[in-house]
Amino acid sequence: MAEYAVTLEQLSVGYHGKPLIEKIEFAVKPGEIYVLIGPNGAGKSTILKTITKQLKPLGGTIYVKNRNMTTMSENEVAKSMSMVTTQRLSTELMTCRDMVATGRYPYTGRFGILGAKDKEIVSRIMEKFQIAHLADKDFMELSDGQKQRVMLARAFCQEPQILVLDEPTSFLDIRYKVELLSIIREFAREEQIAVIMSLHELEFARRIADYVLCVKGDCIANKGTVAEIFQGNLIAELYGIEGCYDGVTGQVELAAKKGEPVCFVIGGAGSGLPIYHALQRQGIPFAAGVLHENDVEYGTAKALASVLFVEKAFQPVSEENYKKACEEIRKCQYVIGAVKQFGVCNEANRKLYELARELGKLDEESMKN
Amino acid sequence: MKRVVISIAGSLGLLLFLLWLNVNTGSVDLSISEIYQIIIHKTGDETAYRIVWDIRLPRILAAMILGGALSVSGFLLQTFFRNPIAGPFVLGISSGAKLLVAVSMILMLQKGRHMSSWGLIFVAFLGSLMTMGFVLLLSLKMTHMSVLVVCGIMVGYICTAITDFMVTFADDSNIVNLHNWSQGSFAGMTWDNVKVMAVLVAITVLLSFFLAKPIGAYHLGENYARNMGVSIKVLRVALILLSSVLSGCVTAFAGPISFVGIAVPHLMKMAMKSAKPIFLIPGCFLGGAVVTLFSDFVARTVFAPVELSISTVTAIFLVPVVIYMMLVTRRSFE
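Those protein sequences? They're chains A and B, same order as listed.
Each residue of the first sequence is one higher than the one before, starting from 165 at the first, in the working numbering.
Each residue of the second sequence is one higher than the one before, starting from 845 at the first, in the working numbering.
The reader is advised that the hints may include incorrect statements.
[To be verified] Selected chain B positions facing chain A (in silico; Cβ < 7 Å):
1. Thr1004
2. Lys1057
3. Asn1067
4. Asn1071
5. Met1072
6. Gly1073
7. Ser1075
8. Ala1119
9. Ile1122
[To be verified] Over 12 Å on every C-beta distance to chain A, these chain B residues come out as not near it, computed from the model:
10. Leu863
11. Ile899
12. Ser948
13. Met959
14. Met974
15. Phe1013
16. Pro1058
17. Ala1061
18. His1063
19. Ala1069
20. Val1074
21. Ile1076
22. Phe1147
23. Ala1148
[As the list claims (entries may be wrong)] The calculated PhoX-like cross-link candidates involving lysine-lysine, where the alpha carbons are at most 25 Å apart (straight line), are:
24. B/Lys1057 with A/Lys213
25. A/Lys421 with A/Lys495
26. A/Lys281 with A/Lys292
27. A/Lys243 with A/Lys182
28. A/Lys243 with B/Lys1117
29. A/Lys301 with B/Lys1117
30. A/Lys281 with B/Lys1057
31. A/Lys515 with A/Lys504
32. B/Lys1077 with A/Lys243
33. A/Lys213 with B/Lys846
34. A/Lys283 with B/Lys985
35. A/Lys182 with B/Lys1077
36. A/Lys213 with A/Lys387
37. B/Lys1077 with B/Lys985
38. A/Lys243 with A/Lys213
39. A/Lys213 with B/Lys1077
Derived from the structure by calculation, the hints contain no laboratory data.
Since this is a predicted model, take the numbers as computed values, not measurements.
All C-beta atoms in this analysis are idealised placements derived from N, C-alpha and C, irrespective of residue type, glycine included.
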């Protein structure tokens, strides 16, 4: 247990004595990032609040290093764990430096006066976070992105072994999100801090996390490494978006109108993507094929097409598949030939293309678009 | 930091000036040399000596001590409620203290006894705590801070109404004093009173000063404060007790005094350009002393020999400050 910075053992969390999620177990090593994902209101914040002592655990134990957190004094906890919340602060006459310096609170004496070492740490961290130029600016005058950066600097000033972040990227635009998460990753690694954070953005969770905990309302649906969680259907099931989410690429599709196909798209290698999306926007049910399982557009086609003809990766299209596709083309009103290059593996698609031309169903107009 | 030093020095300077002005002004004119003789060498004309030592000095010291206490109490309440316009007067706490003091005074007078200074303070403290408790209960139900203040004002009105009712129908010659007191006044302070309040206020303000660090953390909100290692429950209880002792003490001796508790902390923040409690707590005490001493000076001199109630004066000078502050900090009410 000693090698873990924080360990949750059979932890039950909830409000007013009513457990929301029970028997949560995970542990984080120094330098690792553990990300909590899950739908809104699933209890990510409840877990984080319990870890940071804002809520009382309804059962189980939290160990910091190998000490039971309930046996630690408030000051000891403060020295080992810091946090950043989503809560928007309103401060009064407080400069950025003041704000970052509040991180030194557990280390200062009775009157909270900063020593030389504290000041040096504050300056060093502000330098590292590239907020030194904001030092004397009033905290309230900063942009949301700058504020969040300052709050993060503040949290690191506390020199924690554990950092808890509740959706640190909310309210930020994409540039600040990328910057903030990059800093967190870098600092976690360099300073060997164990990070526990909740994130809304799956694509970022996938990039920053070492381990992922899937929180689903009343239980922990799954936990594991990023690779384990971001494969197959786990994410789609967690959020209840089966069919719209592609576990391999992380792409999300809006719901498409399904039904008897009006149109057949012969795609491949990404050529069909704009056509699938155009048909989806116009609400036209379509068939697509023949696609290989490793094709870039496979996930999208699978989500959007009403009928999809699929072939195993790297295999030539089977006779059976080809015949079914021919039938489908005969039923459809028109055909769009998106793919322009044919090779050994998609020879069948060239034949489908020829068939469509013979039937006079080839829609040249939409192919140009 | 520079502003802090200037503000503290400025307040001290003003305080000394007001001290001199107050000792020097009144129904009997005294020259500077006379006053010097009386205060330093304790010699001089018997009447003048009595006036300075028995009437003016206790009153001046009481105004300073209680004014300081009031604004520190206001600062603590603003911290507790996270509301820039919280204060012992607007939250009805002063009026609650007043009610309980009036009731017990009348009961004691009927038995032909007087209450000691300590007894008065204790009763006022209880009154403060009671109204504070009531306002706290309301604050659990009401998330909107401005509504809370409105409720506090209502509670204050009820308490004042009951007090007035009792004062009106209590038949005793001493009730004249009671009437003056219930309007807020520093008249008739004795050295005994001053000693008691000095000890009590000194201890309470010093304790508040020792809480400067957790109070500063608390300004970032409960969650961050807890994360910094502040034990929130202890701090909250301390804030309630300290502010109740302070406002109770003020009410016991001088009756309800309006707006000093709200306005002075804000004035000092503006002057110091800092909201750090470690500067603000001593700053508030000094500022409160200056403002109250000045107000008392105005109250007893402008329409002399008629004396205004102290709240009349503080309201005139400080309400504009409060309104300005509400305009500036509008956002925190939304």
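Hint-by-hint comparison with the structure:
Here the hint on B/Thr1004 is broken, as its CB sits about 31 Å from the closest CB of chain A, past 7 Å. For B/Lys1057, the interface hint holds, the least distance from its beta-carbon to any beta-carbon of chain A being 4 Å, beneath 7 Å. Look at B/Asn1067: its Cβ gets to within about 6 Å of chain A, closer than 7 Å, so that hint holds up. Residue-level restraint check for B/Asn1071 holds (minimum Cβ-Cβ distance to chain A is 5 Å; threshold 7 Å).
Here the hint on B/Met1072 is kept, as its CB sits about 4 Å from the closest CB of chain A, short of 7 Å. Restraint check, B/Gly1073 versus chain A: the minimum CB separation of about 3 Å is within 7 Å; hint holds. This hint holds: B/Ser1075 has a C-beta 5 Å from the nearest C-beta of chain A, less than the 7 Å allowed. Taken as an interface hint, B/Ala1119 checks out: its beta carbon lies about 4 Å from the nearest beta carbon of chain A, inside 7 Å.
Annotation: B/Ile1122 was flagged as interfacial toward chain A, and the flag holds, the nearest CB pair being 6 Å apart, inside 7 Å. Listed as a non-interface residue, B/Leu863 keeps its Cβ farther than 12 Å from every Cβ of chain A; the least gap is roughly 29 Å. In this structure B/Ile899 is separated from chain A by more than 12 Å, as the shortest Cβ-Cβ distance comes to about 40 Å. Under the 12 Å C-beta cut-off, the non-interface status given to B/Ser948 relative to chain A holds; the minimum distance is some 39 Å.
Against the 12 Å criterion, B/Met959 stays outside the reach of chain A, whose nearest CB is about 38 Å from its own CB. In this structure B/Met974 is separated from chain A by more than 12 Å, as the shortest Cβ-Cβ distance comes to about 28 Å. Against chain A, the non-interface label of B/Phe1013 holds: every CB pair exceeds 12 Å, the least being about 46 Å. At roughly 9 Å from the closest C-beta of chain A, the C-beta of B/Pro1058 falls inside 12 Å, breaking its exclusion from the interface.
In this structure B/Ala1061 is not separated from chain A by more than 12 Å, as the shortest Cβ-Cβ distance comes to only about 6 Å. Some Cβ of chain A comes within 12 Å of the Cβ of B/His1063; the nearest lies about 7 Å off, and the non-interface call is violated. A cut-off of 12 Å between C-beta atoms contradicts the statement that B/Ala1069 is not in contact with chain A; the least separation is 9 Å. The claim that B/Val1074 lies off the interface is violated: its Cβ sits roughly 7 Å from the closest Cβ of chain A, which falls inside the 12 Å cut-off.
Distance check on B/Ile1076: its Cβ comes as close as 9 Å (rounded) to a Cβ of chain A, failing to clear the 12 Å threshold; non-interface status is violated. Non-interface status of B/Phe1147 relative to chain A is upheld: no Cβ of that chain comes within 12 Å, the nearest being about 38 Å off. No Cβ of chain A comes within 12 Å of the Cβ of B/Ala1148; the nearest lies about 40 Å off, and the non-interface call holds. With a C-alpha separation of about 24 Å, the suggested pairing of B/Lys1057 with A/Lys213 holds against the 25 Å cut-off.
Proposed proximity of A/Lys421 and A/Lys495 is supported: the alpha carbons are some 18 Å apart, at most 25 Å. Between A/Lys281 and A/Lys292 the CA atoms are separated by roughly 16 Å; this keeps the pair inside 25 Å, and the hint holds. Taking the CA atoms of A/Lys243 and A/Lys182, the gap is about 30 Å. The hint is violated against a cut of 25 Å. Proximity of A/Lys243 to B/Lys1117 is assessed by CA-CA distance (about 30 Å); at most 25 Å being required, the pair is judged violated.
Our distance criterion of 25 Å between C-alpha atoms is met by A/Lys301 and B/Lys1117, whose separation comes to about 13 Å. Annotation: proposed proximity of A/Lys281 to B/Lys1057 holds, straight-line Cα distance about 19 Å (limit 25 Å). With a C-alpha separation of about 13 Å, the suggested pairing of A/Lys515 with A/Lys504 holds against the 25 Å cut-off. For the proposed pair B/Lys1077 and A/Lys243, the alpha carbon gap of about 20 Å is at most 25 Å, so the pair holds.
Restraint check: the Cα-Cα separation between A/Lys213 and B/Lys846 comes to about 40 Å, which exceeds 25 Å; the hinted pair is violated. Straight-line distance between C-alpha atoms of A/Lys283 and B/Lys985 comes to about 42 Å, which puts the hinted pair past the 25 Å bound. Of the supplied pair hints, the one linking A/Lys182 and B/Lys1077 holds, its CA atoms being roughly 22 Å apart against a limit of 25 Å. Simply put, A/Lys213 and A/Lys387 have alpha-carbon atoms about 19 Å apart, close enough for the 25 Å limit, and the pair holds.
Restraint check for B/Lys1077 and B/Lys985: satisfied, since their Cα atoms lie roughly 19 Å apart, inside the 25 Å limit. Note on A/Lys243 and A/Lys213: the hinted pairing holds, with a Cα-Cα distance of about 17 Å set against a maximum of 25 Å. Restraint check for A/Lys213 and B/Lys1077: the C-alpha separation of about 17 Å stays at or below 25 Å, so the hint holds.
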